[in-house]
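In order, the protein sequence lines correspond to chains G and P.
Following this note's numbering, the numbering of the first sequence begins with 1 at its first residue and continues without gaps.
Following this note's numbering, the numbering of the second sequence begins with 1001 at its first residue and continues without gaps.
Warning: the hint list may mix true and false statements.
Unchecked claim - Stretch by stretch, here's where chain G covers chain P in the computed footprint (C-beta under 8 Å, at least three residues): (1) 1171-1185; (2) 1228-1235; (3) 1287-1298; (4) 1434-1442; (5) 1471-1482.
As the list claims (entries may be wrong) - Below 27 Å or equal to it, Euclidean Cα-Cα: the simulated DSS-like pairs (lysine-lysine) are: (6) K434/G <-> K1422/P; (7) K386/G <-> K1089/P; (8) K1119/P <-> K1089/P; (9) K1119/P <-> K1096/P; (10) K1422/P <-> K94/G.
Said to hold, decoys possible - A few chain G residues that face chain P, going by a derived Cβ cut-off under 7 Å, partial list only: (11) A11; (12) G36; (13) G38; (14) L41; (15) C57; (16) A62; (17) G66; (18) T68; (19) T70; (20) M103; (21) G108; (22) D112; (23) E123; (24) I277; (25) P402.
Read the hints as simulated data drawn from the structure, not as lab findings.
The model shown is predicted, which means the values in this text are computed figures rather than measured ones.
Think of the CB as a built atom: it goes at the ideal place given N, C-alpha and C, for glycine as much as any other residue.
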Amino acid sequence: MPDFIESPRTACALAGALSTISCLPGVIPIIHTTLGCGGNLANAVAFGSGYLGGGYCSGAQAPSSGVTETEIVFGGAERLHEQIRNTLELIDGKLYIVATGCMTEMIGDDTDGVANGFLDEGEPVIAVSTPSFKGDSYHGYEIVLDAIFNRYLPRAEHKNPKLVNIFGLIPGYDPFFRGDLEEMERLLTSLGLEVNTFFTPSQTFENITSAPTAALNIVFSRVWGKTLAGRFEQRHGTPYIICDLPIGPEATDEFLRRIAEWFGLDAGHVIERENRIFYGYFERAADAFCDQDLKFYAITVTNSNYAIPLARFLSRELGWVVADSFVTDKLTDEQKAALSGDYPLQFRTGVQEIARAISKNHPNSRGRRYFDDITPLYIIGSSLEKRTANARGAMHLSVSFPVYDRLITDRGYAGYRGGLHLFEDLTGRIMSLKG
Amino acid sequence: MGFYEQSVPPVRDTRLKIGDSYHGNACGLVNCGRDGCLLQKNRGFWQANACQMALTLMMAATVENAAIVMHAPGGCGALLHSLSVQSAKGKARRGKEPKAVPWLSTNLTEADVIGGGEKKLLETIKYADREFRPEIIFVVVTCAPSIIGDDAEEVVRQARPQVSADVVSLHCPGFRSRVVASAYDAFYHGILRGLELSPKPWVDFRPLPQGSPESELAEKNYQFERSRTVNVWNATSIGPVDEEEVRRLLSALGLKVRFFAEYSSRDELRMVSEAALNVSMCNVHDDYMLKFLEEKFGTPYVIAGMPIGFRHTRQWLVSVARHFGLEKQANALADYEEGLAREAIGPFVEQVRGKKVLICGGVVRVGAEATMLAELGLDVLGIRTYHYDDGAEPVYEDVVKNLPDTPVAVSNQLFELTHQIKTLKPDIVISHNGTQGYIAKLGVPSVQLWNVDSAFFGYTGIYQILRRIVFELKNTSYRDRLSKHVRLPYKPSYFEGDAFKYIKD
């Protein structure tokens, strides 16, 4: 079957690059494509990532060479040069990243050459190659961070033994990236560590420049950011560990023990305190949760970063029965293999394709009296799964890109607080039907 | 060979005198448009915007029972998630089934970019047909396949006999024009070449034996009905409330009103030929289509601005009515409606008089809106239009007459908007969707130039626009506070100089 995609749940490498840059403090994109790409791709996360919106210099503020037919025929290097020069004059930034799109890659513009000309003059300008035909938004994230950390920033001369960098969550394409990062930062800080999350409002450009001195990189993805962390280790000598994003106390206890052990610290007091708080809330909700029979079959439809953490929380913490876990990002066989383990995953992307797989895996009763259908059912996926859920009479919560039926600010599902939030959101959907 | 015979539509830049970089006043703009100096203008600094593909998709996503095949690398369709939601709402508001638009991407990879993506396109079209059984499959041809020279037209030709849907190609590569409005032509070009626009016997009507009394009577009935039927052409910014206002006014003149082409189905589009008149609601939307329909079916058309404000609404109504010999009635209707509306807006006019306003967005709408608000006593500090082309000339001749000294800029650029807001210091900005957040961050009150949920056209529109301005000014605390915490990306020195310093001749 050819690799066309129905309703892709990602966009192009350029989109991922722009979404990533838009959350990096002091970093300015210069989009080397038509004027349209920047606006259209910003729309993908400004709408589809819980209304992430525009940042300091993203969306319709992002500088763009705006190539037209003239440049396609005669080359766009001159236009790009002028755009960079004027961007440096007009836009206040600490690092400028030229990101290419399909058409300027196809005509073979020497984007690196133009950027290097500025770099040689001492201007902080680098270029990345991000055409759609080379990869999707997840790749765009890796390409940008690779350029910053493994190409632009000098090798670390010393190490800060308490500093960790966090990688693996993709701004925009992991819609809860900010809340998740905040919670991870909170917990790691309570262990006595210092944390670079890069993408949350608390971060500054100094978090980027200090990254090479980190003692450890934590990658919250079995798939994305691994190559980046490997190259980081080669360049800066910082080792990395790969963890699933911990959701809820069961997973977070384990995560904190693992990190504490790595640093030779004791996580006991943090875990004890956090559990006391979590269960202080969780316990009181048990009356409603149990009296109202809020036990569900669950089907998850998410990207690879969230699939396993979510299934684990639902089954271990809530005691739900996970019937299917669909992973929607386009993965290589090697990447799929990295996800194998306790939770059987199915790799599909199209809305229709997934809806059909659900029907096939779990046929409905067709009027039969004695039939074990999977009800009550909760589908936890993207907003696109809403119609699938409605058609089946299932509950539905959007947690994976695209999410456009809720607005997200600092909400996250990782850690202890995130576990409570996810519990609250899942049950909140049910409570909102009352009255 | 005329434009309509070509498989790929012209962009506006080749069809019209057009521009997107200008500042001065309306008189200068009209002259610059006429003598072609507008064509030479450009910028040395640009910010990202939209492209003709975006607007083409906005229109295509509204068509009933359609599926969209993006012939593109994986990223191009990203905004269809939001367009699909928007169009589902638009369908619901028009009493149609609010189905999401299925869409697929051929997801061109490096190998396809080198080896061509035609085979993949055919497979994708066939899959879309089989899986979703749409009535229409729009094949959207973007930059990458246009540059590598994929013959999408040939693929569409091959696909047609193999699928049950009508296959319509929409050529809208962004690099071919910086002007987003080119999308209207790209969309209509696909419609006029790919779909039937006149009724089919036995499907849409039952042919009667020639010369029978039954047939003669039916024919007379039909022709009478047809002679009173107008097609009104909507697009993107014109919501159901505005359509209802237009329907209300034209119905009062005894006309039967149908809206095309957004939110129409394939079957409805076959009725396009069956009207006495095609009516535009905006000079830069549909001249391409209306001229085609005149050529093909002999249907005359009226392009008479946008029905916004008392003067423009009357002018628009009378222009339509003139075709039917109903000018007197139209004027009487306008007199009556104006009387009611003027009384209703009285309290609002008191509250907005003298307020300084900056107006930004689509070329015809901002022209009409500016003269309307000036007539109601507001102080128009400036007009910013996204593009300018010949089609808008009548509207800007009117601006020349009514607001000869008002600064007019052709700009869709946020940095220039930011500069103008900071230096002109408007009390309120009326601006295109997509800019509201940026204006709020500057701490300045603003209202939408259009949104498809509210009224802007006709008499209802006048009342509602003023009501929204008054509502906005009732409490500006949100933006006052927000702006204190937002840092702009522009260096302060820019605001000390000329807003338009990056425009080049």
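Hints versus structure:
1. Counting residues of the stretch 1171-1185 of chain P whose C-beta sits closer than 8 Å to any C-beta of chain G gives 6, which meets the bar of three, so the coverage hint holds.
2. Counting residues of the stretch 1228-1235 of chain P whose CB lies closer than 8 Å to any CB of chain G gives 0, so the stated coverage by that chain is violated, three being the minimum.
3. Counting residues of the stretch 1287-1298 of chain P whose CB lies closer than 8 Å to any CB of chain G gives 0, which falls below the minimum of 3, so the coverage claim is violated.
4. Beta-carbon proximity to chain G at under 8 Å applies to 4 residues in the stretch 1434-1442 of chain P; the threshold of 3 is reached and the given coverage holds.
5. A stretch counts as covered by a chain when three or more of its residues have a beta carbon under 8 Å from one of that chain; for the stretch 1471-1482 of chain P and chain G the count is 0, and the coverage is violated.
6. A hinted pair counts as satisfied when its Cα atoms are at most 27 Å apart, and K434/G with K1422/P does not qualify at roughly 48 Å.
7. Under the criterion of a C-alpha separation no larger than 27 Å, the hint pairing K386/G with K1089/P is consistent with the structure, at around 15 Å.
8. Distance hint between K1119/P and K1089/P is unfulfilled; the C-alpha atoms sit about 35 Å from each other, more than 27 Å.
9. For the given pair, K1119/P sits about 35 Å from K1096/P by alpha-carbon distance, which is inconsistent with the 27 Å threshold.
10. Pair hint K1422/P plus K94/G holds up; C-alpha atoms about 25 Å apart against a cutoff of 27 Å.
11. With its C-beta approaching chain P no nearer than about 4 Å, A11/G sits inside the 7 Å limit, and its interface hint holds.
12. This hint holds: G36/G has a C-beta 2 Å from the nearest C-beta of chain P, less than the 7 Å allowed.
13. Annotation: interface hint on G38/G holds; nearest CB of chain P at approximately 2 Å, less than 7 Å.
14. Because the beta carbon of L41/G sits about 6 Å from the nearest beta carbon in chain P, less than 7 Å, this interface hint is met.
15. Taking 7 Å as the C-beta contact cut-off toward chain P, the hint placing C57/G at the interface holds, the least distance being around 4 Å.
16. Hint on A62/G holds. Least Cβ distance to chain P is approximately 5 Å, under the 7 Å limit.
17. Checking G66/G against chain P by beta carbon gives a least distance of about 4 Å; that is within 7 Å, so the hint holds.
18. A least Cβ separation of about 6 Å between T68/G and chain P falls short of the 7 Å threshold, and the interface hint therefore holds.
19. Checking T70/G against chain P: minimum C-beta separation of about 9 Å lies over 7 Å; hint violated.
20. Of the supplied interface hints, the one on M103/G holds, with its beta-carbon coming within about 5 Å of a beta-carbon of chain P, less than 7 Å.
21. Because the closest C-beta pair between G108/G and chain P is about 11 Å apart, greater than 7 Å, the hint is violated.
22. Below 7 Å, beta-carbon pairs count as interface contacts, and D112/G has none with chain P, the closest being about 18 Å; its hint is therefore violated.
23. Annotation: interface hint on E123/G violated; nearest CB of chain P at approximately 14 Å, more than 7 Å.
24. Because the beta carbon of I277/G sits about 30 Å from the nearest beta carbon in chain P, more than 7 Å, this interface hint is broken.
25. Hint status for P402/G relative to chain P: holds, with the closest Cβ pair at about 5 Å, below 7 Å.
The structure fails hints 2, 3, 5, 6, 8, 9, 19, 21, 22, 23, 24 (numbered hints given earlier, in ascending order).
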